[in-house]
Each structure stands twice: as C-alpha cells, then as structure tokens.
Amino acid sequence: MLRKLVISIVCVLISLSVILPSPAIAKQDDGDPKPAPERPPVFVERINFSNGNPNEDDKIVIYGTLRNNESRDISNITAVFLIDGKEIGNVSGLKIEGNGSLVVEQTWQAKKYNHTISILVKMNGQILRDSQLSKGIYVEPAPIGDFTTPILLLALLLLMIFLTGVSPSIVERIVNRR
Amino acid sequence: MSFLGDITTDLRDIFRTTGFEMLKHIRQRRILIAVSIAIVLPLIFYAIPPLFGMDYSSTALDFASSNLNFITLFIVISGAIFAGDAVSGEFERKTGLLLFPTPQKHTSIYIGKYLAAILTLFSGVTIYYLMIIWEIGTIYGFSDIPSELGKSYLVALLYSTSVIGVIFFFSSIMKRAITSSLVGFFILMMILPIITSVLKTVSVDPWFIVTNGADLITNVLGQSAGGFGPGKEIGTGNTITPDFDVGVLVIFGYALSLFWASLIFANRRKME
Chain A
577 MLRKLVISIV
587 CVLISLSVIL
597 PSPAIAKQDD
607 GDPKPAPERP
617 PVFVERINFS
627 NGNPNEDDKI
637 VIYGTLRNNE
647 SRDISNITAV
657 FLIDGKEIGN
667 VSGLKIEGNG
677 SLVVEQTWQA
687 KKYNHTISIL
697 VKMNGQILRD
707 SQLSKGIYVE
717 PAPIGDFTTP
727 ILLLALLLLM
737 IFLTGVSPSI
747 VERIVNRR
Chain B
7 MSFLGDITTD
17 LRDIFRTTGF
27 EMLKHIRQRR
37 ILIAVSIAIV
47 LPLIFYAIPP
57 LFGMDYSSTA
67 LDFASSNLNF
77 ITLFIVISGA
87 IFAGDAVSGE
97 FERKTGLLLF
107 PTPQKHTSIY
117 IGKYLAAILT
127 LFSGVTIYYL
137 MIIWEIGTIY
147 GFSDIPSELG
157 KSYLVALLYS
167 TSVIGVIFFF
177 SSIMKRAITS
187 SLVGFFILMM
197 ILPIITSVLK
207 TVSVDPWFIV
217 TNGADLITNV
227 LGQSAGGFGP
237 GKEIGTGNTI
247 TPDFDVGVLV
257 IFGYALSLFW
267 ASLIFANRRK
277 ME
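Chains as they are written, first to last, in this note's numbering: chain A, 577 to 754; chain B, 7 to 278.
Bear in mind the hints are in silico, worked out from the structure with no lab data behind them.
Not one of these hints is a red herring.
20 Å max Cα-Cα, derived EDC-like pairs, lysine to aspartate or glutamate:
| hint | chain 1 | residue 1 | chain 2 | residue 2 |
| --- | --- | --- | --- | --- |
| 1 | A | 687 | B | 249 |
| 2 | B | 111 | A | 748 |
| 3 | A | 698 | A | 621 |
Using the sequences and the hints given, assemble the complete structure.
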C-alpha cells in the first residue's frame with residue numbers, strides 16, 4: 577500500500593515537473609541586448625489616437641508621424657495602416673522634406689477588446705524594412721443587454737406557471753356554466 | 007365552492023406539493039450535493055492560482071467571466087438531479103399509485119414538482135454567484151464588484167428554467183428516471199452544443215438553440231466566451247455571438263413551451 581502511494585506521488589511529481597515550465601526554459605531568451613537595427617530612410621516615429629480609451633463602435637483617428645531620416649526630400653511614399661496585421665487603409669503619394677516629418681491619419685471604427693495597430697512605410701511600392709511601428713489599444717466592449725428583460729421574462733414565466741395551475745378550475749367553471 | 011375558493015385550493019395544492027418535493031430533495035441529499043458543487047466550483051478558481059504562484063485575472067470582470075464559464079455545467083448537472091425523476095420516478099417506483107388517487111389535480115402535482123426543481127436550482131445558482139461575489143470582494147475589494155454580474159445572474163436564472171423545462175419534458179415522456187436524466191443531460195451538454203458548433207462553422211447563426219443563449223451568461227460581462235459546457239466552443243474560431251434580446255426570448259420560449267408540453271404528456275400518462 578505504502579509502496580503504491582510512494583510510486584503515485586513520484587509519478588505526480590514527475591508529471592508536474594514536465595507540465596510546469598522550468599526557470600531555465602523561461603529564461604532562455606535573456607541574453608545580451610541585440611544592437612538596434614539601422615533606421616531606413618523613412619520610418620514611423622510615433623502613433624497617436626484621437627481617443628486613447630475608446631468604446632466599441634467609436635470612430636477613432638489613428639495618427640502616424642513619419643520621419644525622413646535623410647537630408648534629401650523623399651517622395652512616392654505610402655503609409656499603410658494595419659489592425660492586427662490586416663490592412664485597413666493607406667495614404668499614398670506622400671512627400672517628406674529632408675530631415676522633416678509628416679503626420680498621416682486614418683479613421684477606424686473600434687472593435688472590442690485588444691488590438692495592435694501598426695503603420696508601415698512603402699517606398700515605390702516596396703515595404704521599407706524596420707520602418708514599422710506598432711501600438712496596442714484596448715477597446716471597451718459596448719454593454720450587452722439590460723436588467724429589465726430577464727426580470728420581466730422570469731416574472732412572466734412564473735405568472736404563466738400559476739395561471740396554468742389554476743386553469744383547470746377556470747375551464748371547469750366555464751364548462752359547468754354552459 | 008366559489009370560483010375564488012377553487013383557485014385558492016389549486017394554489018394551496020401547488021405550494022403544498024412544492025414544499026413536499028423540496029423536503030424530498032433535502033432528505034435525499036440532492037440539495038446538499040448541488041450546494042457542495044456550487045461552493046467547490048468557484049473555490050477552484052480562488053484556490054488554484056495562489057497554490058501555483060500565479061496571479062489572479064487583472065480585473066474583477068475577467069475573474070468572474072472565467073469563473074462563470076462553468077455555471078452552465080452546474081445548471082445542467084443540478085437540473086438533471088432535481089428534475090430527472092420528477093414525473094418518470096412516480097411511474098417507475100409506482101409511488102404514483104398513492105399520489106394520483108388523491109383529490110389534488112394532477113396538473114397542480116406536476117406544477118408543484120416543476121416549481122420545486124426550479125426553486126432548488128435557483129438557490130444553487132444563487133450560492134454560486136454569492137461565492138463569486140465573496141471571492142471578488144476578497145481579491146479586488148467589494149467596491150469592484152461589477153454590476154454586470156447581476157445581469158449575468160438573471161440570465162443564469164432564466165436559463166435554469168429552460169434546463170428544468172428540457173429535463174422535465176423528458177421525465178414526462180420516458181419510463182425510467184435514469185434515462186430521462188441522462189437524455190436531458192446529454193442533449194444539453196453534448197448534442198445541442200455540437201449542433202451549435204457545426205452551424206457556426208458553416209456561418210449559420212444558431213439563435214434558435216437554447217444552449218447558444220447560455221453564452222449570454224458570460225457575454226453580458228463584456229468578456230469573450232470560452233470554457234466548457236453548453237454554448238462553449240473551444241477553438242472553433244467563430245465570432246457569432248448571440249444577440250441579448252433574441253437569446254433571452256429563445257430561453258424563455260424553451261422554458262414555457264417545454265413546461266406546457268411536459269404537462270400535456272404527463273397528464274396523458276396512466277399508471278400501468
């Protein structure tokens with residue numbers, strides 16, 4: 577009996593050690609910081625929202641600040657707006673002066689829960705590597721339902737149950753009168 | 007006897023049967039089982055995270071939502087316990103031979119049984135929600151108790167009536183109590199959720215299925231549905247969620263229509 581118990585406990589401990597992640601595995605990503613990638617000629621410097629705490633179905637404006645990293649003017653730029661990796665719109669034919677910046681915007685009808693909003697830059701139709709910037713946003717879901725409807729339905733159900741309970745007497749009374 | 011006297015007698019008979027049935031549930035320790043489940047299930051969510059050194063959900067709503075993912079399971083289990091043998095048990099155990107010859111109308115007997123099942127299930131659901139409220143109070147503070155929890159509670163009560171309706175219906179048409187309990191349980195736990203999942207996979211809104219409306223118990227909290235039990239699909243990737251008004255009306259429709267159908271079938275049954 578004791579032997580079986582010991583074997584069971586050992587089995588459970590082995591299973592737990594396999595299921596639960598070990599600190600060595602959890603920390604395997606902790607290494608030396610990688611060197612920052614070299615900036616492309618144009619990149620997204622900042623993302624702002626017209627409303628930082630939107631509710632579901634609110635229309636919010638996403639602002640992206642594009643920065644020209646070079647001293648010469650750069651034209652034929654396209655800013656692409658993405659929500660959770662899916663394109664929702666773009667602004668094309670942009671021109672940014674040397675060392676200057678430009679703000680682009682896109683309206684989005686907010687959908688509930690967490691989303692990642694990204695903007696990337698295309699030049700001459702090609703995506704510029706490391707030009708993308710992402711920012712998370714949480715959209716408060718619209719309230720669902722009300723208190724009145726379930727209360728009314730519960731009351732109505734109880735009423736119908738009691739009415740059904742007394743209905744044989746009512747029917748009997750009507751039949752007897754006839 | 008006067009008309010009012012007839013009605014008063016009917017109501018008194020209904021309440022007497024309800025009281026008797028509830029006493030039966032207490033004596034058979036069914037209420038004890040249901041209350042134990044209602045206490046233990048929410049306690050799992052309260053006790054497990056600290057035991058494994060994990061944090062609770064970031065918000066009280068998240069916590070309530072994950073906890074309530076199992077309330078549908080609790081409702082169906084308790085519904086099967088309380089209503090499974092309500093009618094079929096009388097015929098199977100031949101106790102109806104003593105009960106049915108009494109001057110009391112059969113309708114009032116069945117309604118009393120139905121009400122007893124509903125009231126006991128309501129008390130179980132209430133305890134489940136009180137446990138969640140207590141847990142939220144101790145973890146996040148009592149001021150953080152979300153008002154949406156009240157809405158969820160009302161939908162859970164409404165859903166309980168339809169679950170009792172489904173199981174009571176099978177109890178009134180089937181011969182054996184165990185069969186009626188199991189059929190009702192599996193229809194609510196497996197068959198209807200599978201149909202719901204398949205319909206959602208082919209992008210058809212299963213608004214007419216009662217277990218789909220059970221999703222509203224957690225949906226009203228504003229959190230995404232998940233977990234196990236009726237109306238919970240794991241990993242289907244669909245985004246069809248029930249509309250609140252349609253959902254509660256469908257639940258109400260099931261409860262009322264199945265209650266009436268049960269009465270019709272139960273009244274037609276004869277002791278063999």
